[in-house]
Amino acid sequence: MPEKNGKKEKKKPIFEKVGLVFRNPMRVDILRELSTSSQRPVDLANKLDVERQNINYHIGALKRGGIIKTQKLEVSEEEASKLKGAIVNKVTENGKLKISYGVELTKNGKDIANQFIEPLYEEVNIDKEHKEERKNKKKGGH
Numbered sequence: 013m014p015e016k017n018g019k020k021e022k023k024k025p026i027f028e029k030v031g032l033v034f035r036n037p038m039r040v041d042i043l044r045e046l047s048t049s050s051q052r053p054v055d056l057a058n059k060l061d062v063e064r065q066n067i068n069y070h071i072g073a074l075k076r077g078g079i080i081k082t083q084k085l086e087v088s089e090e091e092a093s094k095l096k097g098a099i100v101n102k103v104t105e106n107g108k109l110k111i112s113y114g115v116e117l118t119k120n121g122k123d124i125a126n127q128f129i130e131p132l133y134e135e136v137n138i139d140k141e142h143k144e145e146r147k148n149k150k151k152g153g154h
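Numbering (the working numbering), first residue to last: 13 to 154.
Some hints here could point you the wrong way.
To be verified - Have a look at the derived ranges for each label pair, beta carbon to beta carbon:
1) ARG146 / ASN126: 26 to 34 Å
2) LYS150 / LYS75: 46 to 54 Å
3) ILE99 / ARG76: 53 to 61 Å
Claimed, not checked - In silico BS3-like cross-links for lysine-lysine, where the CA-CA straight-line distance does not exceed 27 Å:
4) LYS81 / LYS110
5) LYS150 / LYS122
6) LYS59 / LYS81
7) LYS119 / LYS81
8) LYS84 / LYS122
9) LYS29 / LYS122
10) LYS75 / LYS102
11) LYS75 / LYS29
12) LYS119 / LYS150
13) LYS59 / LYS108
14) LYS102 / LYS84
15) LYS81 / LYS96
16) LYS94 / LYS75
17) LYS59 / LYS84
18) LYS59 / LYS96
19) LYS119 / LYS102
20) LYS94 / LYS59
21) LYS119 / LYS75
22) LYS94 / LYS81
23) LYS122 / LYS59
24) LYS94 / LYS110
25) LYS119 / LYS59
26) LYS29 / LYS119
No lab work stands behind these hints: they were computed from the structure.
Heads up, the beta-carbon is just placed ideally off N, CA and C, and yes, glycines get one too.
Let the hints inform the model, and build the full structure from the sequences given.
Structure follows, in structure tokens:
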């Protein structure tokens, strides 16, 4: 049972967020991609080779869970014209455009990526390297 003033109450939200991510492998892949840089949903869909509707569904769930957010930028009109799919939210007093462009990890999302996603993929890569080494040794007749 959660305690009002104990440590269990404080840990519950992070476990819920981790559970939200690991509930579906697609969400893990999305976090892994976003851990290197912010991206547009269409680019994520292409990289992960899935339908954009599927990506948007998982992005929506991750946004509601506070794991990712829409990237907000302040750019010149010229810069904005180069950003395909950018949504202009407002013009500042100095003539810059405040735009929404792609999605990025929140602080919680970065914490989860650093604590869980990156180590998970490091283990997978190490396992692959070990299998490759064993395979090469067998080919050598040892």
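How the hints compare with the structure:
The beta-carbon spacing between ARG146 and ASN126, approximately 30 Å, falls within the hinted interval of 26 to 34 Å. Taking 46 to 54 Å as the suggested C-beta distance range, the pair LYS150 and LYS75 conforms, at roughly 48 Å. In this structure the hint that ILE99 and ARG76 lie 53 to 61 Å apart at CB is violated, the actual value being about 19 Å. As the CA atoms of LYS81 and LYS110 are separated by approximately 15 Å, the hinted pair is consistent with the 27 Å bound.
For the hint linking LYS150 to LYS122, the alpha-carbon distance of about 41 Å lies beyond 27 Å, and the restraint is violated. Between the alpha carbons of LYS59 and LYS81 the distance comes to roughly 19 Å, so the proposed pair stays at or under 27 Å and holds. Of the pairs offered as hints, the one joining LYS119 and LYS81 holds, with about 10 Å between alpha carbons and a cut-off of 27 Å not exceeded. This hinted pair checks out: LYS84 and LYS122 have alpha carbons roughly 17 Å apart, not beyond 27 Å.
For the suggested pair LYS29 and LYS122, the alpha carbons sit about 12 Å apart, so the restraint of at most 27 Å is met. A C-alpha spacing of about 22 Å is found between LYS75 and LYS102, which places the hinted pair at or below 27 Å, so the restraint holds. Among the hinted pairs, LYS75 with LYS29 is consistent with the structure: their alpha-carbon atoms are about 11 Å apart, no more than 27 Å. For the hint linking LYS119 to LYS150, the alpha-carbon distance of about 46 Å lies beyond 27 Å, and the restraint is violated.
At most 27 Å may separate the alpha-carbon atoms for a hinted pair to count; LYS59 and LYS108 exceed this at roughly 31 Å. Among the hinted pairs, LYS102 with LYS84 is consistent with the structure: their alpha-carbon atoms are about 11 Å apart, no more than 27 Å. Restraint check for LYS81 and LYS96: the C-alpha separation of about 18 Å stays at or below 27 Å, so the hint holds. Annotation: proposed proximity of LYS94 to LYS75 holds, straight-line Cα distance about 26 Å (limit 27 Å).
Pair hint LYS59 plus LYS84 holds up; C-alpha atoms about 22 Å apart against a cutoff of 27 Å. Annotation: proposed proximity of LYS59 to LYS96 holds, straight-line Cα distance about 17 Å (limit 27 Å). Distance hint between LYS119 and LYS102 is fulfilled; the C-alpha atoms sit about 25 Å from each other, no more than 27 Å. Between LYS94 and LYS59, the direct Cα distance comes to roughly 21 Å. Compliance with the 27 Å bound is thereby established for this hinted pair.
Taking the CA atoms of LYS119 and LYS75, the gap is about 12 Å. The hint holds against a cut of 27 Å. Between the alpha carbons of LYS94 and LYS81 the distance comes to roughly 22 Å, so the proposed pair stays at or under 27 Å and holds. Proposed proximity of LYS122 and LYS59 is supported: the alpha carbons are some 20 Å apart, at most 27 Å. Restraint check for LYS94 and LYS110: the C-alpha separation of about 14 Å stays at or below 27 Å, so the hint holds.
In summary, the hint linking LYS119 to LYS59 is supported, as the alpha carbons are separated by about 24 Å, within the 27 Å threshold. For the proposed pair LYS29 and LYS119, the alpha carbon gap of about 12 Å is at most 27 Å, so the pair holds.
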